[in-house]
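Novice: Chains as they are written, first to last, in numbering that gives the first Met the number 0: chain A, 0 to 359; chain B, 0 to 366.
Treat the hints with care, as some may be off.
Unchecked claim - Straight-line distance between alpha carbons at most 16 Å, and here's what the computed EDC-like set of lysine to aspartate or glutamate pairs gives:
1. Lys-135(A) - Asp-201(A)
2. Lys-337(A) - Asp-103(B)
3. Lys-335(B) - Glu-339(A)
4. Lys-251(B) - Glu-350(B)
5. Lys-251(B) - Asp-160(B)
6. Lys-335(B) - Glu-350(B)
7. Lys-274(B) - Glu-77(A)
8. Lys-337(A) - Asp-338(B)
9. Lys-335(B) - Glu-77(A)
10. Lys-335(B) - Asp-304(B)
11. Lys-335(B) - Glu-309(B)
As the list claims (entries may be wrong) - Covered stretches of chain A (chain B as the covering partner; in silico rule of three or more C-beta atoms under 8 Å from a C-beta of chain B):
12. 86 to 92
13. 120 to 130
14. 239 to 252
What the hints assert, rightly or not - To give an idea of the chain B side of the interface with chain A (calculated C-beta under 10 Å), a few residues:
15. Gly-170
16. Gln-174
17. Val-182
18. Ala-201
19. Ser-269
20. Lys-274
21. Val-326
22. Pro-330
23. Lys-335
Read the hints as simulated data drawn from the structure, not as lab findings.
Using N, Cα and C, we set each Cβ at its ideal position, and we do this for glycine too.
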Amino acid sequence: MTPENQAGGLGTSASPAIDLRDPASGGPEDGSSPRGVQTLTMARALNEGLRAALGADDRVLLMGEDIGTLGGVFRVTEGLKAEFGDRRVLDTPLAESGLVGTAIGLAMRGFRPVVEIQFDGFVYPAFDQITSQLAKQTYRHAGSQAFPVVIRIPYGGHIGAVEHHQESPEAYFAHTPGLRVVSPATPHDAYWMIQEAIAGNDPVVFLEPKSRYWPKGEVDLDRAGAGLHESRIVRRGADVTLIGHGAMVATLLDAAELAEQEGTSAEVVDLRSLSPIDYGPILDSVRRTGRAVVVQEAPQRVSVGSEIAATIAERAFYSLQSPVLRVSGYDTPFPPAKLEGVYLPDADRILEAVDRALAY
Amino acid sequence: MASDPIRLLSPSGELIESEANAAWLPVVAELSEAQLMDFHRQMAVIRRFDVEAGNLQRQGQLALWIPSLGQEAAQVGSGIAARPQDHVFPAYREHAVARIRGVDPMRIIELLRGLDHGGWDPKAHGNFHLYTLVIGSQTLHATGYAMGIAFDGPGGDPERDEAVLVYFGDGATSQGDVSESLVFAASYQTPQVFFLQNNHWAISVPVSTQSRTPLYRRALGFGIPSIQIDGNDVLAAYAVTRTALDEARGGKGPRFVEALTYRMGAHTSSDDPSKYRDEAELEHWIAHDPIVRFEAFLRARGASDAFFAEVHEEAEELAADVRRRTVALVPPPVTKIFDHVYTDPHPDIEEQRAWLLAYEASFGGQA
Ligand SMILES: Cc1ncc(C[n+]2csc(CCOP(=O)(O)OP(=O)(O)O)c2C)c(N)n1
Ligand SMILES: [Mg+2]
């Protein structure tokens, strides 16, 4: 992907390669009546997206711990077992390596498994199956077989939870060739991106910003607006580009609002996809603003933010008026909940970086 | 097919002096009246603590609470069975064992308030290791520790030889780590007891999803002698674990105990069991309450009202003390996040700590 062939800006790009709309209830493009816009939480939007995917393709399976009868600890899969049965929505034994490993076998058999990992910090027992097995199967099979496995992971902080429940493990997966990694920031994107991830033919690590499960947002049930791997400019500005994903997008928008009051005009890019990263809108923005601050909850060292900073420096060097700055979680384990407010980037820390960028 | 679980006390609290219990009754017979009364004290006090902590959570004082309600006998019997030199590796629900081993219950409160990740030094706390939230992983640590004991050589003195006691749940038995720990334990004939609390649920998933065979039988397949007990019988939990630990420390290799018990409360304060289990099931287990059973046993032996009143008083005092100390807890200093990431100095940490201090100072020192 080169910047040249990327569509820039909000929703100006081509529609997704695969049309995911349920032909029965259809969108305006297939001539049937539009379903309109609904106000949903992200948890509910994901639930609707999963329901649509289960309805559209009977080879789609949901697998996970407590996802059936309970509907998942975040209720994202609520009602789906009752609706589709226990051979489509599986309350599995408690074993993450088992979950992902059997999902690989199911994919070989022609299923499209969607695995839920209950919390970010519990993905690691499956690390071999994800990074060494799932990620490499297509390559090893020389393409004779696709591995359309989606791994949903509620991730990130801001919920005051105990150890292993607030982590941001995206760098491990974005670093791994063979995996696609995405993270929606809004209910609308969650609804569409989960369906696209399931319909695609590659393994996708689907990171759900759990602190954003509950705020409501508008979901256009007829138009995705952007493809699975497109980044988007979600706020226009002239002085600095703020870049982030997942729960940080809302924080960036808050920071941009505060910056505005101080006379600084900040543009905000929602990455949406971490592998591949869509540099079109990012470079387009940085070429106009000349400054970039990349923000993430994850630790900084060898992170997605580091990758983006390096790429901007490589590709937009002559447009830059300051070094690309990063605002991240510190390079420590996720701290005890009472310290999460110190650890996680907030608007103040972002503005501090903006000030530093502007001072160059 | 499966034999009955070992039960020394009937549900109404009578000692079952049967042939089948011949191996365990002498272990119980060695207990003094004071020791038996301590079993009750430990169970009753931890139950009161559990209630108080649940209340504190509801009042916003704790981020989460993990109730141990209903599992007191399994925990107290096995916890008291361990000798002082033994090492105990818990999961996250073993509050009674923690207290027996000398961990101040406030440490658990602080953990679940979000002040630390445990942080106690096991060596200074009855060799009680840290709670582990990643299901099953502690079984491998326990086995490695037990391998180390074996490698350090046999002592031959049961009063001093160490053994390891590791706790885990029915859900955990599905994790690869648990199977691998059984493999290593069998391979190296570790001085170790696997103590499975089968409380019938892993959050919303019934034990039948984890296993189609009684779980104690799994261990047999690994070549580890295994036994199933009535986990709501504190005497069975004590006698069987005591014997298993002494066999293990005596060089006979690992042992496995499956305690059948029930999680009478929610999985955690975030959970709503009405979504997945029947009230009737709970009713059944309420009728098999471990504390009620043991109280009946003690009363039949002549324990006085005064004794039970005194235990009640002690429990109330602990609850009040925990409440007092919880509301008085202060937030940790911000730089705590950088403490102990490494043992040796690391430049990234030093740099980020300095940055944070300067940043906090830029707000006028009101960090
Ligand atoms: C590796 C991992 N996966 C998932 C979880 C989420 N989780 C926490 S407790 C639990 C159920 C554990 O059940 P069990 O082992 O029976 O112990 P119990 O809670 O009943 O004491 C699950 C799935 C976790 N903590 N760790
Ligand atoms: Mg259990």
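Novice: Would you list, in rising numerical order, the hints stated earlier that this structure does not obey?
Specialist: Checked against the structure, the hints that fail are numbers 2, 4, 9, 10, 11, 14, 17, 21, while the rest are satisfied.
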